[in-house]
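Chemist: Model the full structure from these sequences, guided by the hints.
Chains as they are written, first to last, in the numbering used here: chain A, 1 to 666; chain B, 667 to 813; chain C, 814 to 1138.
Just so you know, the hints here were simulated from the structure itself, not pulled from any lab data. We put the CB at the ideal spot given by N, CA and C, even for glycine. Accuracy of the hints is not assured; some may be wrong.
Derived DEER-like restraints, expressed as beta-carbon distance ranges [said to hold, decoys possible]:
id, chain 1, residue 1, chain 2, residue 2, range
1, C, P1083, A, K106, 50 to 58 Å
2, C, T1122, A, V577, 31 to 39 Å
3, B, A780, C, H1085, 50 to 58 Å
4, A, M73, C, S1130, 27 to 35 Å
5, C, P854, A, D522, 51 to 59 Å
6, C, Q815, A, N228, 56 to 64 Å
7, C, T1122, A, G135, 53 to 61 Å
8, C, T1122, B, N697, 33 to 41 Å
9, A, E343, C, N1100, 33 to 41 Å
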Amino acid sequence: MQKIGVFVCWCGSNIAATVDVKAVAEAARKVPGVVFSADYQYMCSEAGQGLIKDAIKEHGLTGVVVCSCSPRMHEATFRKAVQAVGLNPYMLEVANIREQCSWVHKDMATATEKAIALMQAAVAKVTLNTPLTAGMTPVTKRALVIGGGIAGMQTALDIADAGYEVDIVEAKPTIGGKMAQLDKTFPTLDCSSCIVTPKMVEVGQHEKIHIYSYSEVTQIKGFVGNFNVTIKRKARYVDEAKCTGCGACTEKCPSRKAPNEFNMGLNNRTAVYIPFAQAVPKVATIDPEYCIKLTKGKCGACAKICEAGAINYEAKDEYIEVEYGAIVAATGFEMIDVSPYDEYAYTQSPDVVTSLEYERLMNAAGPTGGHLLRPSDGKEPKTIVFVQCVGSRESCSGGEMRGKPYCSKVCCMYTAKHAMLTKDHYPDTDIYVFYIDVRTPGKNFDEFYRRAVEQYGVHYIKGAVGKVTPEGGKLKVQASDLILNEQLHIDADMVVLAGAIEPNKSARPLATMLTASMDTNDFFTEAHPKLRPVESPTAGVFLSGMCQGPKDIPETVAQAGAAASKVIGLLAKDHLVGNPCVAHSDEWMCNGCSQCETVCPYGAITYEEKEFRMPDRTTKVRRVAQVNPAVCQGCGACTVTCPSGAMDLNGFSNAEIMAEVDALCR
Amino acid sequence: MQMNDKEWKPKIIAFCCNWCSYSGADLAGTNRLSYPAEVKIIRVPCSCRVNPMFILRAFQQGADGVILCGCHPGDCHYSTGNYHTRRRMTLLFSMLNYLGVESARTRVEWVSAAEGARFVSVMDGFVADITRLGPNRRLEDLRCKTN
Amino acid sequence: MQNELKWRGLELLKNGTIDRILGWRAGQFVYDITPDVFTDPEDLEKNFVYNEFCGANLSKYLIAESAKEGKVAVFLKPCDTYSFNQLCTEHRIHRENVYVIGIECYGKVSVDALRQRGIDGITGIRSEMGSLKIDTIYGEESVPAMEVYAERCRNCKSKKHVVFDELIGADGEVVDDCDRFDMVEKLEQMSAQERFEFWRGELSRCIRCNACRNVCPACSCEKCVFDNPKSGVLNKAAADSFEENMFHIIRAYHVAGRCTDCGECSRVCPEHIPLHLLNRKFIKDYNELYGDFVAGESVGQMSPVADFTTDRDAEPSVVQKGGDQ
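Modeler: Right, here's the structure in full:
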């Protein structure tokens, strides 16, 4: 039998002026289960708390109801107080008779009546409360960053600088990501590789950072603080420990037909390759698709030249398992395939390029050595048309959507950059930019764009390009100017398409492994769009960079740092103290139907085949839900979707809420 | 209880999510904005915690109206809870309406923690609607009582 | 058709493909048929029955049967296959232990409909070109089949088997123009008072025999909330105010998005309460609000009731627009 104590606070005159506190205390004594009640000026004061503590000791109270201000105000205070004298903190309920009673009602009789009802509901609930204990789980003090672009590198560096071990898993043979491919960065026009390569070196040399390049995450088990991750180390046929990165093999390799990914396929590389001069780790990789030895069994030129003896044609994919406390997704982005936009003739002419290809064409380390030459005939283009929003900001009205509904955010700025850089090097070039809107929010962004228009004389035209037709070595561009409302015909030498960006293809399978949620565009969803922008709803999973949504480099770096600080905050703890108000499933009632699993936003529910000893002494294997209390956040979505009522929520159980309903309806 | 009884006051149960609506109700109090005392609030972690059984139980136990308040869609503390609420309650209310229960007796409102004034106007409106409707008869006993 | 089914069942039992077969066992009367499991070929030969009264949906029994050792064959009519798939989606059936024999179906007869026409003392039934020949102790009667079919068969939603391992007879098509929502629409057109009176008339007859719950393939919880003291709604019999309303609303709500509209609840109700109208209301609502969804159409579907969208969605206030307040 529960022994409940009810404590009615006056809150000075805040409550007592409108609610007859003595009458509430009096009424409490008549409620079954209540063995003690009292009123006091300030329950939250030392003396008030002392009153509660003394009563618990004196009367052996098993539950406490405090009628006072909002539980959002002092629930924690009173929980600590009752815990100090040995009562479970969850055996306390607060009846909100200030914010939701004395402050909103004027008539004393009415307010008192309502206060009594609220007190009765709290007593009804506390009677059914059960002591709850927060679970403790240890934290593995190592973080995993998936993706080695600028986002992943920055996150890894910040975590490592705080003294924690970090592993970076990068699918490509080198870290650096898209930023390493860029020529200059807006709005300062500083050289991209001059700022990113030192970062890469810093990452590569950091004693707390380990890079798994040319690797993929294939399985993730566990939960916050205790992830177990399987990493596939793809066979690179070169021993990383032995390779010195001298590059002799790449010079000898007779297979020279592999498209060079780093240059967006604008030129070719050898089968054994180092992606670019500043690659980290600076280790060669053999492309098994193009290697003559691996495909035809003959050759072995690289093995002969390699003095370090690093070449190993027998290498196999390896799988390693590592424990982590936190995981950061930094999988980045890709540009969409623009070939479906046939009107721009991307597949018909090599002189129609994407912005990233253009970036490589302008880069001193690119296929043309930094001279802007058109891919078809190697001549300098005199007229260049830039098309904005190729696949971005599309609406689905009028049939199927080809592209993306969102704004890719960076295109307006990099196109202004492309235009200016081109004009800098080749002042007599005519440049047209066709846009829907020019979006330049950001520090010094609009000034940058205006410079392109005002100082460089780039022709910005609000309008759309309808068709690009390759004809006689020119690209006939048909477009409309929406402001002047006229058709334009431009004979261009090159057309540059600002294709929409989209999340890297590896993001969705990764999200599935992480049980992290994604939006319909495959961007990772944040735990809260405003207040928790770098956390995934899945505890222990954090988001860095473009995988969460389009953003430019400074934003990416800022978010990377924010994600790192969240990771550091997690790893700094030795143990995670859970919220005990989590869901739990009654295994005997669970049907194993998986409905709860589908509604859980945190991936806290898994299913297990378990053996049960049945009443008739037989054993039966049943599929039952298991809630991981370290992951569950206690929203209760599962409890309602569960048809059998097997799923219930600690602290807000069906029976408790039902008891409150009954009490309030009385 | 009679409809024409001037003393009759409706019984209203309001389920409020801890993060938005319950705070909104607190804010109404902090700003001393008054609303009818018939409204009695039950705190739930999220609007998606409200089981249709709670609502039916309230009616069964004599509530005249049940209102459920949650964060605005998109603002749920648990990211997706109120989206579930939206579907569940749409279907439940439609069913109750189908059974002849006046649809004005059930309501879902999105009230943020900053909308103390809105909480008050929602409650004022809801209580006025229920007062106009009179006591809940249609979810009472169907066999033992006859009119 | 009975012989064809029996012959195939015997063959499968004897050649060891299966260990048991779930079918219909003949009772004392021709319309008095019980779902049962046959393990003995002789028993199957003697007591297996398949006729126009074999309306029972056998899929629910597979929850228990497929959990046992060995393989069980089952005869499933097109509508039953939807329940089967739904139960597979919910991981209730061990698919690998089941051999599904899809059987062609034109509709099943309601014995009550026959009685209402004054046909009694029934001793035999067979169908002939859209009409039914019924042997009674008073002589032979002939009725147009459509007039005495159960409501769910008159408004059959699909003659297509969504799952089978083998098929006896032909596979049909989904019936696009079925009128199963007509009555729901009619009720929706009524005033709230009229609807209330309609349902009071119906639901107040409920005797809480739990037949609807026990026969329903979706109502297959390990332990029903109404039997569970911890649920807060423990209630084994209609004793207090509004209990049967509560029971039927919650029951319909619990199966919403999972109910395949197999119509078993209405078939077995001894008080002839049109319980399917509750389920169909939910089906009609989510089809209209969230797009067409057929529970059990395939395995692994996400029901719109458990799903959500972050985009615009129907707000609960849409309900207030319809009907009077």
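Chemist: Kindly indicate which numbered hints from before are broken by the structure, ordering the numbers from low to high.
Modeler: 7
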